[in-house]
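All chains, full assembly: derive it from the sequences and hints.
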Amino acid sequence: MFPSTPDRLSLALLPTPLQPLSSISRQLGSHRIWIKRDDLTEAVSTGNKIRKLEFIFAAAIANGCDTVITCGGLQSNHCRATAALGARLGLKIHLVLRGEPSADADGNLLLDKLFGAEISYYQEREYFANLSAIFDELVAEYAERGHKAWTVPTGASDGVGIWGYIHACEELRHNFKQAGIAPQHIVCASGSGGTQAGLTVGAVAHHLHAQVHGVAVCDDAQYFIDKVNEDIDEWQQRYGQWTLRKQLQISVFDDYIGPCYGEAGPEIYRTIEHVARTEGILLDPVYTGKAFYGMLKEVQKGTFGESGDIVFIHTGGSFGVFPHRNHFSG
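The working numbering puts the first residue of the sequence shown at 52, with every later residue one more than the last.
Don't take every hint at face value.
No more than 25 Å apart at the CA atoms, straight line, and that leaves these computed lysine-lysine pairs for PhoX-like [claimed, not checked]:
hint : residue 1 : residue 2
1    : Lys-297   : Lys-352
2    : Lys-199   : Lys-228
3    : Lys-143   : Lys-199
What follows is a list of derived Cβ distance ranges for each label pair [unchecked claim]:
hint : residue 1 : residue 2 : range
4    : Phe-53    : Lys-228   : 18 to 24 Å
5    : Tyr-274   : Ser-183   : 36 to 42 Å
6    : Ser-153   : Ala-191   : 43 to 49 Å
7    : Lys-297   : Arg-321   : 39 to 45 Å
8    : Cys-311   : Arg-224   : 19 to 25 Å
9    : Pro-152   : Lys-228   : 43 to 49 Å
10   : Gly-331   : Pro-152   : 30 to 36 Å
The set of hints was computed from the structure by calculation and includes no laboratory data.
Positions of the beta carbon are idealized from the N, C-alpha and C atoms, including for glycine.
Structure follows, in structure tokens:
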């Protein structure tokens, strides 16, 4: 039996469209590429994170919290979406960010500040070594001031957040029916694992008959296999066991990370420019640019067979393009 869906806020502009990438498909000459436009989920909370945060904010409010604490890199899409939605819902948002800001805030960091989030900055070494303790200290500090804080992990990827993309698979099922297609492959960027976890569960639960593939933007394939399993385990512990768990297959490509998380090679910038000029769609260097490039390379390798429909999940991130402006040809 599938677990019952928990409370959820209606924050995103759904359903998002599924569109064919006709020009790129013609250039490939084999597969037909479709793109699920989750970069259109909302104006400034745009991207995949808002789907997760619909469930996470509902849980926070139901537990009487007036403050949300979360974390990420300086250009975290998740932190930007959390800050925007917190302002919209009247909640205090405290961001724990990894790295030192430059004199002029740009991209997502600029938006974090505009939305009024409280921001604490930590050097990378301290951030990774002490994140749990930092969260505990902040929760205690807010409690002393009479506030109750809800903590959200990196990328909103946990047993609550994965409901966002479990639910999205029901939407995909309707998209596929309307388009008259039966894709065997769904591709997404994997940065914190929650989107891939939700899609992996949702694809089976909603009978999509498609394999979900994550393209790692940091860490290796085994890390994401473990993280996706961890999120699904937590989801089952919270909401009840699911008998079809044994049918889940986790696929990760880890050859397209580039220099490191948040940095991209020239092939990624060229891919972003090509998609922008060919299809009028904007990818980003941190997540979707790497994932799209990885998908194209896997098509060339024959990973997805000789032909067929492939669906790419556009998880947003367009504000992250601007800090990388110097890498584009113009």
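Worksheet item: Out of the numbered hints, which ones does the structure contradict?
Response: 1, 2, 5, 6 and 8
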